[in-house]
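Enquirer: Residue numbers (my numbering), protein chains in the order written: chain D, 2 to 493; chain B, 2 to 493.
FYI, nobody ran anything at the bench for these hints, they're computed from the structure.
Among the hints, a few may not be true.
Pairs involving identical chains hold if they fit within one copy or between any two copies, as the list cannot separate such chains.
Pairs of lysine-lysine residues, derived as DSS-like cross-links and limited to a Cα-Cα distance of at most 30 Å, are as follows [stated by the list, open to error]:
| # | residue 1 | residue 2 |
| --- | --- | --- |
| 1 | Lys225 | Lys205 |
| 2 | Lys468 | Lys205 |
| 3 | Lys163 | Lys225 |
| 4 | Lys209 | Lys163 |
| 5 | Lys209 | Lys486 |
| 6 | Lys205 | Lys163 |
| 7 | Lys468 | Lys486 |
| 8 | Lys468 | Lys225 |
| 9 | Lys209 | Lys225 |
| 10 | Lys468 | Lys163 |
Protein chains: 2
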Amino acid sequence: MMNAYDALMAHQRQTEALAQVAGRLAWDQETVMPRGAAEQRAEESAALQAVLHARRSDPRLGEWLAAVDEGALDAEARANLRLIRRSFERVSRVPEALATALARLTSRAQGQWAEARGNEDVAAFVPVLEEIVALKREKGAALADGGDVYDALLDDYEPEAKAAELQAMFDALRPRLVALREAALAEAPPAGVTGTFDEQAQMKLARKLARVFGYDMTRGRIDKAVHPFSSGSFNDVRITTRTSPTDPFNCLYSTIHETGHACYEQNIDQAHGFTPLGQGVSMGVHESQSRIYENQLGRSRAFTGWLYSEMRDAFGDFGIADEDAFYRAVNRLHNGFIRTEADEVQYNLHVMLRFDLERQMIAGELAVSDLEEAWNARFEADFGFAVDRPSNGCLQDVHWSVGLFGYFPTYSLGNVYAGCLHAALRAALPDLDLHLARGDLAPATDWLRDNVQRHGGLYRPREVIEKATGGEVSEAPLLDYVEAKFGAIYGL
Amino acid sequence: MMNAYDALMAHQRQTEALAQVAGRLAWDQETVMPRGAAEQRAEESAALQAVLHARRSDPRLGEWLAAVDEGALDAEARANLRLIRRSFERVSRVPEALATALARLTSRAQGQWAEARGNEDVAAFVPVLEEIVALKREKGAALADGGDVYDALLDDYEPEAKAAELQAMFDALRPRLVALREAALAEAPPAGVTGTFDEQAQMKLARKLARVFGYDMTRGRIDKAVHPFSSGSFNDVRITTRTSPTDPFNCLYSTIHETGHACYEQNIDQAHGFTPLGQGVSMGVHESQSRIYENQLGRSRAFTGWLYSEMRDAFGDFGIADEDAFYRAVNRLHNGFIRTEADEVQYNLHVMLRFDLERQMIAGELAVSDLEEAWNARFEADFGFAVDRPSNGCLQDVHWSVGLFGYFPTYSLGNVYAGCLHAALRAALPDLDLHLARGDLAPATDWLRDNVQRHGGLYRPREVIEKATGGEVSEAPLLDYVEAKFGAIYGL
Chain D
2 MMNAYDALMA HQRQTEALAQ VAGRLAWDQE TVMPRGAAEQ RAEESAALQA
52 VLHARRSDPR LGEWLAAVDE GALDAEARAN LRLIRRSFER VSRVPEALAT
102 ALARLTSRAQ GQWAEARGNE DVAAFVPVLE EIVALKREKG AALADGGDVY
152 DALLDDYEPE AKAAELQAMF DALRPRLVAL REAALAEAPP AGVTGTFDEQ
202 AQMKLARKLA RVFGYDMTRG RIDKAVHPFS SGSFNDVRIT TRTSPTDPFN
252 CLYSTIHETG HACYEQNIDQ AHGFTPLGQG VSMGVHESQS RIYENQLGRS
302 RAFTGWLYSE MRDAFGDFGI ADEDAFYRAV NRLHNGFIRT EADEVQYNLH
352 VMLRFDLERQ MIAGELAVSD LEEAWNARFE ADFGFAVDRP SNGCLQDVHW
402 SVGLFGYFPT YSLGNVYAGC LHAALRAALP DLDLHLARGD LAPATDWLRD
452 NVQRHGGLYR PREVIEKATG GEVSEAPLLD YVEAKFGAIY GL
Chain B
2 MMNAYDALMA HQRQTEALAQ VAGRLAWDQE TVMPRGAAEQ RAEESAALQA
52 VLHARRSDPR LGEWLAAVDE GALDAEARAN LRLIRRSFER VSRVPEALAT
102 ALARLTSRAQ GQWAEARGNE DVAAFVPVLE EIVALKREKG AALADGGDVY
152 DALLDDYEPE AKAAELQAMF DALRPRLVAL REAALAEAPP AGVTGTFDEQ
202 AQMKLARKLA RVFGYDMTRG RIDKAVHPFS SGSFNDVRIT TRTSPTDPFN
252 CLYSTIHETG HACYEQNIDQ AHGFTPLGQG VSMGVHESQS RIYENQLGRS
302 RAFTGWLYSE MRDAFGDFGI ADEDAFYRAV NRLHNGFIRT EADEVQYNLH
352 VMLRFDLERQ MIAGELAVSD LEEAWNARFE ADFGFAVDRP SNGCLQDVHW
402 SVGLFGYFPT YSLGNVYAGC LHAALRAALP DLDLHLARGD LAPATDWLRD
452 NVQRHGGLYR PREVIEKATG GEVSEAPLLD YVEAKFGAIY GL
């Protein structure tokens, strides 16, 4: 007779394996699926999701959880138990009919959003988004059980984070980022790259970058997709990137960013495979890895020196005279509408805007029909120029259309975590720049693997960062870093 | 309240969708999966197969099947019911422990076979195959319920076929094929192609061939794999092929063969999607489509005339002077060990050998430890020369290692069906060669779509062929066709 914990973990193991299958299916859809298969695929994915939902809400989970003798378990087993209990309680609180309605609605809504964005037609999307907000609010209320509805939604992406804490984080970030932004944009901008860049050569260099950042190609692959992403866990972790003939940094830095996500998944202790500990612990910690790879390491003066010579080898002359000019080109600020294209100074301002607006929508303080007006007003106030069209404004992101409310702030949380980790990493590796300048990322990525990535879901999100840094999470290291970096670049 | 039939079909629909997901996963494994992911993938696939097994043996199926009011159903619904009942009865007869043991054994055995083949080491594979034969025999006995054990296994691939009928088929094929083979090989062989053939140009031409044979690229794709295969149903049907720098026919005819399989799946009435009618009805009928595309159409004098000029355009001079010489080069016989490389005359002799040996193994008349000796003796008797090494002999095919007993004869059945269909097609389309000579396959593939492919699983396998041809299935059309064709080529 299997004991309750073993029975629970045997069930969970199959669930985790099926969740990986769902990941492969999603990868397939974005990379290789024939376009005529879209409708059929929706039904295939829905069938698999239904199996996953049934397994995650299986009443036997409740019985096993009640029967486990927790005192007899070690720390890993207790962590597994905590995560399974958390998942089961959350799934159990959401009525089946609501879960089904949300799944059906958001699967349809992504296409409707894409069409509305293509037509610059906010009005067409408003009724869809109204439905989504209503159902998400209902889901949040079911999950919150009397507590804060937005917090309950946030918990899907950043377990145990609270909106009030995030608000405090944004309040700390905002004044210094705004001041830095204004000061930098008042200066003459550094020169950018010019000309066209062979797209095959971009992909070749992207593959090299992924490898030098520690991505194990025998347990992954790189393909092109419309939107870069990372997918899968432990020994099958794939990334995608994209190329633009005039902007090589889009491809190269998207690749480094996704490599950060992918290395996190690849570097989790193999013993955690097919358990709840076998994935990155939260979106915020995940984003800390992609951001520190992309920005604090990938956009550093030392590393860009090496990258400059790689790019000269790959593309010849591209209008940048030396390493210093290249460093400034990689890090130049510009006025832009689009979050995903924003630089290190302005990125978090884009996120704050979304965080505030989505909280207001969930709280019922902002009607969806007023979203466009609120977005445009806030954007102009924050960035000093007006949104010219909805695809550059409130229709630019896919997130809300697929029901992701509470996701945006994890991007900024990831930046703050990356700031903390970067300070600790620099303290631990005083000669890091010597390595970065040779394109040697190993000391940095080894440190991140050993101090963050290998743990997977063993600790709580904030705990992971605090264990790695030996201190409290704070916005100060990130702010100090961007002020020093961009102050020097712009001569402030 | 849903009636029993609707409940049954709703359950089945999800099962079919999950079976499609399993197909995608298998495609991924053979084409794009990182090699380091193999072990992990085995667990992912096993989890999905466990879900499928549980759904197919769900006791509610028995209740719904018992409750359905069959008299109230139309022909399609009755066909669905027949196929679901058949599947449920078969699954129910195999004890869970046996099914699990077989799945585990065969998943491991494929690797062991590949290793044994690589090392030319039959002895290493014998104990594995002994276990497989023992378990397959046990499974066959459970399924047969007192009837013939081999028939019960055969039923997995060719429902309702009987070994005795197949024996009669091989008895009819054997003397005339042996005589034709000997007569042809006594003549001077036609010249073959010479030189090397750019592999990208081969793939380009392969894609063109797939299109002219009616493959819908918006609902499929072509990739390279070690072994060509076709995968998936209705709107996501993918094929793979391979290239050899010195043998362009390997790529081109593998592609046409797989296009036959793929068109069958793509052309089934869309209304049958996600029902038991939504796939090819049997391996034999499937193979009839791949074979008629590849051989009776693809290797015809008329079509090869068109192909010759396409190949001249793609590759320049390759040592063949004119269309007639090209036709003979495409159809030349050669002494060879390998079934998959055999020509139209000798292919079925390779299959007969396997059919006889596997029946004897299942019946316990041939010990697995004596297989190599039996194979080599039979091969020399049939083909007139000795097997030089196991990878050219009893270790050449993957089938037995993955538990496929009863599968081989469906290849010959497919050839016989293709012979019948070809005779009917020629009768229906007297000017077919005028079209083939222009590379216009549409009249032939339209006829096959309308008379065979669109039905999917609506009729029984043999019924499909008999409806299409308006007569009984017979070996005569195939034999008449190969004798006429190769008699002319070899001047017999």
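Enquirer: Against each hint, give a clear statement of whether it holds in the structure.
Expert: Tested hints:
Taking the closest pair of Cα atoms, Lys225 and Lys205 come within 30 Å of each other both inside a single copy (12 Å) and across two copies (21 Å). Taking the shortest Cα distances, Lys468 and Lys205 never come within 30 Å of each other, neither inside one copy (37 Å) nor across copies (55 Å). Proximity of Lys163 to Lys225 under the C-alpha cut-off of 30 Å is found in neither arrangement, the shortest distances being 36 Å within a copy and 50 Å between copies. Taking the shortest alpha-carbon separations for Lys209 and Lys163, neither the intra-copy value of 39 Å nor the inter-copy value of 58 Å comes in at or below 30 Å.
Only within a single protomer do Lys209 and Lys486 lie at most 30 Å apart by alpha-carbon distance; the minimum there is 26 Å, versus 55 Å between protomers. In this assembly of identical chains, the alpha carbons of Lys205 and Lys163 never lie at most 30 Å apart, being 42 Å within a copy and 56 Å across copies at closest. When the C-alpha separation of Lys468 and Lys486 is checked against a cutoff of 30 Å, the pair qualifies only within one copy, where the shortest distance is 26 Å, while the shortest distance between copies is 78 Å. Proximity of Lys468 to Lys225 under the C-alpha cut-off of 30 Å is found in neither arrangement, the shortest distances being 36 Å within a copy and 47 Å between copies.
Proximity of Lys209 to Lys225 under the C-alpha cut-off of 30 Å is found in both arrangements, the shortest distances being 15 Å within a copy and 24 Å between copies. In this assembly of identical chains, the alpha carbons of Lys468 and Lys163 lie at most 30 Å apart only when taken from the same copy (20 Å versus 68 Å across copies).
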